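**Q** Listed below, chain by chain, are the residues.
There are 2 protein chains.
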Amino acid sequence: MISLLPVGGIGEVSPGDELADMVLRAVELEDYDVLVVTQKVVSKAEGRLVPLDADDPQARRRVILGESVRVLREREGMLITETRHGFVCANAGVDLSNVAAGSAALLPVDPDRSARHIRDAILARTGLHTGVIVSDTFGRTWRNGLTDVAIGCAGIAAVIDLRGTTDAGGRELAVTQVCIADELAGAAELVKGKASGVPVVVVRGVDRSWFRESSVRAEVVRHPSGDLFR
Amino acid sequence: MISLLPVGGIGEVSPGDELADMVLRAVELEDYDVLVVTQKVVSKAEGRLVPLDADDPQARRRVILGESVRVLREREGMLITETRHGFVCANAGVDLSNVAAGSAALLPVDPDRSARHIRDAILARTGLHTGVIVSDTFGRTWRNGLTDVAIGCAGIAAVIDLRGTTDAGGRELAVTQVCIADELAGAAELVKGKASGVPVVVVRGVDRSWFRESSVRAEVVRHPSGDLFR
Numbered sequence: 000m001i002s003l004l005p006v007g008g009i010g011e012v013s014p015g016d017e018l019a020d021m022v023l024r025a026v027e028l029e030d031y032d033v034l035v036v037t038q039k040v041v042s043k044a045e046g047r048l049v050p051l052d053a054d055d056p057q058a059r060r061r062v063i064l065g066e067s068v069r070v071l072r073e074r075e076g077m078l079i080t081e082t083r084h085g086f087v088c089a090n091a092g093v094d095l096s097n098v099a100a101g102s103a104a105l106l107p108v109d110p111d112r113s114a115r116h117i118r119d120a121i122l123a124r125t126g127l128h129t130g131v132i133v134s135d136t137f138g139r140t141w142r143n144g145l146t147d148v149a150i151g152c153a154g155i156a157a158v159i160d161l162r163g164t165t166d167a168g169g170r171e172l173a174v175t176q177v178c179i180a181d182e183l184a185g186a187a188e189l190v191k192g193k194a195s196g197v198p199v200v201v202v203r204g205v206d207r208s209w210f211r212e213s214s215v216r217a218e219v220v221r222h223p224s225g226d227l228f229r
Numbered sequence: 000m001i002s003l004l005p006v007g008g009i010g011e012v013s014p015g016d017e018l019a020d021m022v023l024r025a026v027e028l029e030d031y032d033v034l035v036v037t038q039k040v041v042s043k044a045e046g047r048l049v050p051l052d053a054d055d056p057q058a059r060r061r062v063i064l065g066e067s068v069r070v071l072r073e074r075e076g077m078l079i080t081e082t083r084h085g086f087v088c089a090n091a092g093v094d095l096s097n098v099a100a101g102s103a104a105l106l107p108v109d110p111d112r113s114a115r116h117i118r119d120a121i122l123a124r125t126g127l128h129t130g131v132i133v134s135d136t137f138g139r140t141w142r143n144g145l146t147d148v149a150i151g152c153a154g155i156a157a158v159i160d161l162r163g164t165t166d167a168g169g170r171e172l173a174v175t176q177v178c179i180a181d182e183l184a185g186a187a188e189l190v191k192g193k194a195s196g197v198p199v200v201v202v203r204g205v206d207r208s209w210f211r212e213s214s215v216r217a218e219v220v221r222h223p224s225g226d227l228f229r
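So the protein lines, in turn, are chains P and Z. Position one of the first sequence corresponds to residue 0 (numbering that gives the first Met the number 0), numbered consecutively onward. Position one of the second sequence corresponds to residue 0 (numbering that gives the first Met the number 0), numbered consecutively onward.
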């Protein structure tokens with residue numbers, strides 16, 4: 000059994016804040032918990048905020064292009080770009096919601112590092128082994144609606160590889176690489192809500208064999224050469 | 000808080016089996032539980048099995064094309080097609096694993112109807128109001144690893160619409176349509192395992208306002224005209 004526990008009461012996050020301390024004040028963690036932390040509070044803690052007039056589409060476009068290495072599509076003011084991290088998403092993850100008026104939040108420079116920083120701080124303060132996922136809300140091709148996915152992780156596998164294991168009938172499973180980091184991020188979203196002030200979710204009961212060093216950049220970001228849709 | 004409860008001990012599923020009865024024998028359901036049911040057992044119960052020699056790539060290709068309305072890409076024996084339901088996925092969802100040797104499982108003809116059938120049977124037998132999601136494992140563009148997504152649903156919203164609500168700072172959220180059906184399916188996968196004989200997961204604690212009539216076909220399948228990547 001897995002439990003998804005929303006963590007409220009963390010308070011407003013400002014540049015320089017230590018998220019691990021804010022989380023530890025708000026919730027009693029256990030060994031092998033996975034923390035899913037919303038990108039927005041990570042970006043705020045890391046000072047990844049820029050002044051931006053929401054009513055100036057050209058200024059917004061400049062900020063988005065500054066975060067991008069490639070534009071894949073553009074329609075009705077929405078840019079689909081590839082970010083410097085290799086994520087393909089709308090508007091390079093630049094976000095005007097849940098930040099102060101007149102400013103926008105950019106994605107963390109290195110979300111895997113952000114996750115490691117939180118994980119290491121929790122370990123140093125408590126001795127607890129945890130996994131940390133930094134999540135953001137992305138669209139998908141072919142399907143309506145957004146889902147939360149992992150943009151960074153530490154201490155927990157991003158992708159588990161079931162290649163070579165056998166199915167219930169003893170037949171070898173051809174290829175089953177499961178992106179548990181995205182499934183954990185999406186699961187966390189279910190108790191988060193967009194406007195309810197729950198920037199962190201604890202996932203308790205995750206398979207212990209999934210806890211290992213990992214990164215979204217290395218395991219999830221698909222190299223363009225292996226990608227059929229660009 | 001949400002709990003993800005794996006339901007084992009359902010037993011081998013055969014054509015004509017009533018999945019609702021098998022689930023009710025295996026787990027004590029509660030009002031407003033969401034059941035996530037793996038496509039494979041739905042296809043078996045509905046007799047969506049065809050004879051197929053796994054070592055005959057041409058026969059496999061014919062079966063896949065028979066389930067498809069359009070081929071989007073082909074590489075190294077993997078076809079990305081659009082199914083008759085409008086799903087874009089690998090090999091039209093035709094699956095050789097966890098079925099008897101010499102046969103393959105096709106997707107249900109109408110997975111929303113499959114979900115309604117299970118939901119209605121549970122209601123008729125117990126009086127309990129539940130949501131039912133039929134899930135399958137799909138790849139994604141730009142990201143490695145597969146995740147479980149919803150291919151059918153009943154009694155639970157597929158997409159919830161947060162457009163027009165305000166963020167924690169009172170600013171209106173521009174567009175936030177969240178595909179909770181896919182997030183529920185992915186969450187369930189975390190306690191399912193591919194080879195462990197857990198074809199059903201109960202998700203308990205889901206927001207009651209999300210229970211309503213819905214369908215994946217109507218809410219999740221994106222019309223090609225709104226799709227930037229085909």
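Bear in mind the hints are in silico, worked out from the structure with no lab data behind them. From a predicted model like this one, the values you see are computed outputs, not experimental measurements. Do not rely on the hints blindly, as some may be mistaken.
[What the hints assert, rightly or not] A short, non-exhaustive set of chain P residues, derived as facing chain Z with CB atoms under 8 Å:
id, residue
1, Leu-64
2, Val-70
3, Arg-74
4, Arg-221
5, Phe-228
For glycine and all other residues, C-beta sits at the position ideal for the given N, C-alpha and C.
**Q** State for each hint whether it applies.
**A** Hints and how they fare:
1. Leu-64: violated (18 Å)
2. Val-70: violated (12 Å)
3. Arg-74: This interface hint holds because 6 Å falls under the 8 Å limit.
4. Arg-221: With Cβ-Cβ at 5 Å, under 8 Å, it holds.
5. Phe-228: Hint holds; P:Phe-228 Cβ to chain Z Cβ min 4 Å, cut 8 Å.
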